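Peer 1: Chain residues, written in single-letter form:
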Amino acid sequence: MFRRLLMAAALAVSVGHAQTPEAALVAVEVSADLQHGGARIVLTHDRVVSYRVVAHPNRLEVVYGGAVRVSPAARDLSHAAAASWSFDGERTVTVRLGNAFAGYDSFELKNPPRLVLDLRADPTKAAMPAPAAPPPSSPRASSRPVVVLDPGHGGVEDGAVGARGVVEKEAVLDIAVRLKTRLAAAGVDAVLTRDTDRLVTLDERAAVANHNRAELFVSIHLNASPRAQAFGAETYFLSSDASDDEARWLAAEENSPRGEVPIVVGDARERGLDLVLWDLAQTQAMVESEALAGEVQLELNALAGTRDRGVRQAPFRVLMGATMPAILVEVGFVSNPEEERRLAISEYRDRIAEALGVSILRFLGKTVPAQASRP
Amino acid sequence: MRIRGIAAAALALALAGCGGGASPDGARAPADAPGPPRPEDPGTAVEPPPPSVEARLYFPSRSADGLVEETREIFATTAPEDRAKQIVGALLEGPRRSDAAPAAPAGVRLRQAYVTADGIAYLDFSTELRSGMGGGSTAELLTVYAVVDSIALSVPEVRRVAILVDGAEVDTLNGHLDLRFPLRARRDLVVGSAPAGAGT
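Top line first, the protein sequences correspond to chains A and B. Residues in the first sequence are numbered consecutively from 1090, following the numbering used here. Residues in the second sequence are numbered consecutively from 641, following the numbering used here.
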């Protein structure tokens, strides 16, 4: 019902626009923030507008659904990641890529509605002349799959704390770093949502995965219960209660890059299609999440000897906004004396990292049979 | 309405305080003040028996594997929030079966309850629901669904349950479950049904 309301509202808006001619051209203001590692180009819209971002070998195009006004209409950036932008006078803003361009993220922000393009520069190429080979057409510089690992809590948030002093935020970061090393050795890049003891919001964590176009999002936690006898590992994926809600769609809309996938906002028919496609993609992601969760539980049991509390579903806040298969692993209870003792031992953390690594790699092997087949 | 709700909750508490084996018949005593004189012989009672209804309560199992069920008699009041308050009151009192654990941290109070026409129960708890929650997701999950299942499975007017703390919406209780949206009951979390009294 909520969706129908949204669509009705969007329809009303577009009808309103149709009645007001030229003066109602969407105004787009472009600004750039040039930093050492990359360039951020922000296109601020005076209202919600439909567009898509198209990646070409040497340029990105932002193609609007209708005619727009752009100011300034062009600018030379002379940056390693972005050379310039220009407006074709009708509906396309073209960003020419710099000679050290190494990939980009795009995402939407609200109030005011704006599109953010983050273009990354490869520092090793930054000083060199333009490469002879065409830059990668994929937004991701490397063809290695990316997995985002999310050590739970951090900063002022300790998470669960055991009687012997094992602190969740420290233990899960340690496990995540060990896992990252293992994955790197196997040709998989792992991005951590935090690599120090700092607090990262739950929205930011999923956003890191979305912006890196991760194949997987794996949140790592330690469990606790007021009952000391509870022990073992369990792996969660989102419950259908959450996914059949608009909650997840809205959460992802807040923090997703869509890249070459059209971002459709404001047009009723296309928005409806967007939701259908979203639902299909989410259903698939749920199936894959469950499969991954199953692998993780098996391996934790086999390699780390952890009691299998099973694959479970719950509306975990941190998984809500993720647009890829996403799981949350509770590797053990610090509230159980024996399990806390094991969690304090370095070799045991290694075994957990190994179990997670094996299951992630096996999962990627299934879904990413050949790197070449990835777009 | 609010006053009536509080009165009903207070009655329920008073009742429960009378002893563990409160039967539906026990609910007769504290009837509304302005009533007809009560006949001596219960067998020939003219007044209708005070309506009561069985509510299913869900508590975390001691092993923290899921929820176990107990039943309680509550007043079959017309307003769904009255019944919700009685159920939460009984939930916060704690379980009777030996394989069950408390549903919420110590000191938690229900501040207010509302049920909207479209079947969403808003339950506003005191701040201890967050501050007293341990670090683990299992504790959070079982507390949240002990409340959600007890209300959504015992109050027919309720389809979803939203949990508020100190009068405000919360993201999560302790960094895990998304409480920004009302939740549906999760029967799959129930690992022990109610053979009242005899534990599993």
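Derived by calculation from the structure, the hints in this document are not laboratory data. In this text the structure is predicted, and so the values were computed from the model without any measurement. It is possible that some hints are incorrect.
Mimicking DMTMM-like on lysine to aspartate or glutamate, the simulated pairs with C-alpha atoms at most 25 Å apart in a straight line are [unchecked claim]: (1) A:K1199 x B:E733; (2) A:K1199 x B:E809; (3) A:K1199 x A:E1179; (4) A:K1199 x A:D1263; (5) A:K1269 x A:D1292; (6) A:K1269 x A:D1439.
Computed far set for chain B versus chain A, every beta-carbon distance over 10 Å [to be verified]: (7) A719; (8) A757; (9) T778; (10) A779.
The beta-carbon is built from N, C-alpha and C at its ideal position, and this holds for glycine as well.
Peer 1: Please go over all the hints and tell whether each is borne out by the structure.
Peer 2: Hints and how they fare:
1. A:K1199 x B:E733: Given that 25 Å is the threshold and the Cα spacing comes to 45 Å, the pair is violated.
2. A:K1199 x B:E809: holds (22 Å)
3. A:K1199 x A:E1179: The given pair, whose Cα atoms are some 24 Å apart, holds under the 25 Å limit.
4. A:K1199 x A:D1263: violated (36 Å)
5. A:K1269 x A:D1292: At roughly 22 Å apart (the allowed maximum being 25 Å), D1292 of chain A and K1269 of chain A satisfy the hint.
6. A:K1269 x A:D1439: holds (11 Å)
7. A719: With a cut-off of 10 Å, A719 of chain B remains clear of chain A, as the shortest Cβ separation is near 25 Å.
8. A757: holds (14 Å)
9. T778: violated (5 Å)
10. A779: violated (5 Å)
Checked against the numbered hints above, the structure breaks hints 1, 4, 9, 10 and satisfies the rest.
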